[in-house]
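Please model the complete structure; the sequences and the hints are all you need to start from.
2 protein chains.
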Amino acid sequence: MPSVFPTDSVGLVTPLTWHFGEPLTLACGRDLVDYQLVYETYGELNAARSNAVLICHALSGNHHAAGFHSEDDRKPGWWDSCIGPGKAIDTNRFFVVSLNNLGGCNGSTGPASINPATGKPFGADFPVVTVEDWVNSQARLADALGIQRWAAVVGGSLGGMQALQWSISYPERVAHCVAIASAPKLSAQNIAFNEVARQAILSDPEFHGGHFREQGVIPKRGLMLARMVGHITYLSDDAMGQKFGRGLKSEKLNYDFHSVEFQVESYLRYQGEEFSGRFDANTYLLMTKALDYFDPAAAHDGDLVRTLENAKADFCVISFTTDWRFSPARSREIVDALVAAGKNVSYLEVEAAQGHDAFLIPIPRYLHAFRSYMNRIEI
Amino acid sequence: MPSVFPTDSVGLVTPLTWHFGEPLTLACGRDLVDYQLVYETYGELNAARSNAVLICHALSGNHHAAGFHSEDDRKPGWWDSCIGPGKAIDTNRFFVVSLNNLGGCNGSTGPASINPATGKPFGADFPVVTVEDWVNSQARLADALGIQRWAAVVGGSLGGMQALQWSISYPERVAHCVAIASAPKLSAQNIAFNEVARQAILSDPEFHGGHFREQGVIPKRGLMLARMVGHITYLSDDAMGQKFGRGLKSEKLNYDFHSVEFQVESYLRYQGEEFSGRFDANTYLLMTKALDYFDPAAAHDGDLVRTLENAKADFCVISFTTDWRFSPARSREIVDALVAAGKNVSYLEVEAAQGHDAFLIPIPRYLHAFRSYMNRIEI
Numbered sequence: 001m002p003s004v005f006p007t008d009s010v011g012l013v014t015p016l017t018w019h020f021g022e023p024l025t026l027a028c029g030r031d032l033v034d035y036q037l038v039y040e041t042y043g044e045l046n047a048a049r050s051n052a053v054l055i056c057h058a059l060s061g062n063h064h065a066a067g068f069h070s071e072d073d074r075k076p077g078w079w080d081s082c083i084g085p086g087k088a089i090d091t092n093r094f095f096v097v098s099l100n101n102l103g104g105c106n107g108s109t110g111p112a113s114i115n116p117a118t119g120k121p122f123g124a125d126f127p128v129v130t131v132e133d134w135v136n137s138q139a140r141l142a143d144a145l146g147i148q149r150w151a152a153v154v155g156g157s158l159g160g161m162q163a164l165q166w167s168i169s170y171p172e173r174v175a176h177c178v179a180i181a182s183a184p185k186l187s188a189q190n191i192a193f194n195e196v197a198r199q200a201i202l203s204d205p206e207f208h209g210g211h212f213r214e215q216g217v218i219p220k221r222g223l224m225l226a227r228m229v230g231h232i233t234y235l236s237d238d239a240m241g242q243k244f245g246r247g248l249k250s251e252k253l254n255y256d257f258h259s260v261e262f263q264v265e266s267y268l269r270y271q272g273e274e275f276s277g278r279f280d281a282n283t284y285l286l287m288t289k290a291l292d293y294f295d296p297a298a299a300h301d302g303d304l305v306r307t308l309e310n311a312k313a314d315f316c317v318i319s320f321t322t323d324w325r326f327s328p329a330r331s332r333e334i335v336d337a338l339v340a341a342g343k344n345v346s347y348l349e350v351e352a353a354q355g356h357d358a359f360l361i362p363i364p365r366y367l368h369a370f371r372s373y374m375n376r377i378e379i
Numbered sequence: 001m002p003s004v005f006p007t008d009s010v011g012l013v014t015p016l017t018w019h020f021g022e023p024l025t026l027a028c029g030r031d032l033v034d035y036q037l038v039y040e041t042y043g044e045l046n047a048a049r050s051n052a053v054l055i056c057h058a059l060s061g062n063h064h065a066a067g068f069h070s071e072d073d074r075k076p077g078w079w080d081s082c083i084g085p086g087k088a089i090d091t092n093r094f095f096v097v098s099l100n101n102l103g104g105c106n107g108s109t110g111p112a113s114i115n116p117a118t119g120k121p122f123g124a125d126f127p128v129v130t131v132e133d134w135v136n137s138q139a140r141l142a143d144a145l146g147i148q149r150w151a152a153v154v155g156g157s158l159g160g161m162q163a164l165q166w167s168i169s170y171p172e173r174v175a176h177c178v179a180i181a182s183a184p185k186l187s188a189q190n191i192a193f194n195e196v197a198r199q200a201i202l203s204d205p206e207f208h209g210g211h212f213r214e215q216g217v218i219p220k221r222g223l224m225l226a227r228m229v230g231h232i233t234y235l236s237d238d239a240m241g242q243k244f245g246r247g248l249k250s251e252k253l254n255y256d257f258h259s260v261e262f263q264v265e266s267y268l269r270y271q272g273e274e275f276s277g278r279f280d281a282n283t284y285l286l287m288t289k290a291l292d293y294f295d296p297a298a299a300h301d302g303d304l305v306r307t308l309e310n311a312k313a314d315f316c317v318i319s320f321t322t323d324w325r326f327s328p329a330r331s332r333e334i335v336d337a338l339v340a341a342g343k344n345v346s347y348l349e350v351e352a353a354q355g356h357d358a359f360l361i362p363i364p365r366y367l368h369a370f371r372s373y374m375n376r377i378e379i
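Protein sequences, first through last, are from chains A and B. Position 349 of the first sequence, counting from 1, maps to 349 under the UniProt record's numbering, and the rest follow consecutively. Position 230 of the second sequence, counting from 1, maps to 230 under the UniProt record's numbering, and the rest follow consecutively.
Zero decoy hints are in this set.
The list treats identical chains as one, so a pair stands whether inside a single copy or across any two.
No more than 25 Å apart at the CA atoms, straight line, and that leaves these computed lysine to aspartate or glutamate pairs for DMTMM-like: (1) Lys-120 with Glu-22; (2) Lys-185 with Asp-301; (3) Lys-249 with Asp-295; (4) Lys-220 with Glu-206; (5) Lys-75 with Glu-273; (6) Lys-220 with Glu-273; (7) Lys-220 with Asp-256; (8) Lys-252 with Asp-295; (9) Lys-185 with Asp-237; (10) Lys-249 with Asp-301; (11) Lys-312 with Asp-336; (12) Lys-252 with Asp-125; (13) Lys-243 with Glu-333; (14) Lys-252 with Glu-132.
None of these hints come from the bench; they were simulated from the model.
Here it is as structure tokens:
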């Protein structure tokens with residue numbers, strides 16, 4: 001039977017679940033006594049178990065990075081442009097593992113899961129998780145799958161932070177670390193945007209202190225606002241200008257507050273609406289907190305060079321010219337520290353108009369460089 | 001009796017009110033049958049009535065630009081750094097007029113005023129006002145005060161847009177136009193930020209469709225979020241970094257959603273709180289709409305050169321290097337169009353770390369250049 005999927009697609013994929021019975025101690029001091037991670041795999045693990053690549057997702061991502069969940073699926077996974085046969089992360093060579101992080105809302109244990117202590121959903125009682133916690137939980141998943149060492153840990157944005165943390169927390173277990181459109185820590189402005197998003201959710205009367213599920217409601221308005229703010233930071237001013245400019249929705253101005261006058265307003269409202277229907281508000285809070293707290297150099301008096309000194313991986317760092325969320329300067333901080341720490345590092349700054357979102361977009365020079373790097377990895 | 005005020009202050013000032021009985025037709029097609037403007041003046045109008053300077057305020061500004069309202073006043077007006085004896089706008093030379101715009105919430109007719117048609121506050125029924133409407137209402141104030149021609153119309157940000165509009169709408173009535181940290185129109189990103197602020201207010205359950213006064217409440221959460229978003233765009237990433245960095249509120253992380261972990265969070269919450277207690281939500285909506293709609297070139301197929309061709313003023317345009325709300329590139333669009341239209345224009349790009357807020361801050365090079373320009377104005 002001929003496949004209905006493109007030939008460079010990993011095709012039909014089915015999420016898997018691994019249950020962990022051993023407690024995980026988190027940075028906040030609390031234990032998760034019992035948890036599960038949902039994940040997908042693409043490609044085949046080789047006999048030497050040396051070709052495994054871990055994909056770490058960003059704020060609103062999940063385990064479904066490539067392929068399709070059914071023949072009727074209209075959209076593939078979120079990084080399908082980069083994962084598949086012959087693509088940058090070539091599934092003819094690599095065994096790819098992609099998971100939904102702890103605290104997520106797509107199947108891994110998170111705020112919507114039942115808290116065994118109460119028999120009700122965790123809601124806001126789900127512990128705050130950090131990038132380090134995620135990496136620890138991912139290491140257990142690696143153990144479970146029999147992967148001692150990743151050929152590469154790869155991620156964009158918050159995913160890149162996890163890749164970096166892997167190289168620091170588990171130096172022996174990472175051959176290559178690929179951090180795309182990422183940063184060594186958030187700036188005050190980054191934290192400020194997260195704080196606005198959080199306050200939008202927390203101040204929504206339907207948030208109910210994080211226990212909205214028990215009330216049968218969702219803090220839709222708060223999530224919508226949070227996503228709208230986020231979207232502005234994902235696109236460059238140029239990209240927004242090219243995409244929408246001052247284009248009007250209709251020929252005549254309405255001169256009121258409720259009508260949509262400009263196309264960019266309708267885009268943002270749509271993005272916010274759509275997101276608020278599919279994402280969990282507590283997860284959104286957790287993800288922004290994980291971003292805020294990420295600062296691996298803090299344990300070394302802010303010295304990023306010393307922080308990276310024990311890493312054993314080779315590094316690939318990629319940034320995009322118009323990314324103002326995590327600008328090329330932020331990637332260069334990582335590169336400079338790696339060079340000073342005597343590590344092998346490849347750095348590429350890609351000309352791209354799309355801003356932070358560029359890491360998800362099939363930009364030829366980006367895909368070419370990314371594939372070249374991945375193809376040189378020995379397995 | 002010796003003054004308790006600094007010698008370079010205009011000292012004690014008292015707001016004045018002018019009532020206009022003649023209807024004003026607005027761009028939206030509606031009439032304001034009856035309205036008042038509150039304003040302050042500093043300095044003396046000369047016999048030739050040739051030394052008057054109009055100050056136009058920005059989004060959250062008002063008529064109180066300089067001096068003090070009482071001896072106990074701890075803070076002077078919002079532009080006290082630039083207005084006073086010997087200052088950039090020298091009240092020993094100039095007669096300065098500063099008003100609260102129509103739709104405002106500091107004494108001029110606005111959403112909190114009584115709608116004569118209903119006997120209740122206008123609330124959301126107050127008509128949407130544009131920069132052109134404001135300039136028309138300011139022209140009537142000029143008539144009332146016997147000022148045929150302004151020595152200068154001056155403003156920063158949205159105030160700069162009013163100054164530009166004056167030179168277009170009333171070319172004979174403006175000798176000099178000073179537009180600081182301004183833009184010829186909003187970008188898609190600018191509109192997007194305004195849209196988030198508006199949605200924050202509109203979606204606050206206490207907004208009650210704009211008739212919150214009748215319910216005895218205010219949409220505090222929405223206003224707070226709107227102000228927080230605004231504040232991020234007023235400060236540069238650098239300024240935020242220098243001011244707050246990743247500074248922690250307390251030594252230990254709290255790992256929850258409600259605690260303030262980073263100083264920048266507490267700054268934003270404070271700014272939002274304070275603002276939500278003193279500003280009107282409907283006025284905020286009106287101001288953002290006036291910004292969105294401002295696009296004088298639209299009437300000339302987007303051709304800014306043609307738009308400015310009939311202007312008779314000389315121009316001074318000032319921008320600040322780290323302003324990312326209205327970047328120097330936006331000021332240069334104005335300058336380039338003025339040059340192409342054959343106008344006299346002075347342009348200064350000031351090195352300043354403070355972002356958009358810089359126009360309110362006494363930066364020596366800025367004050368010096370601003371004063372030099374103003375001092376050369378013949379009266």
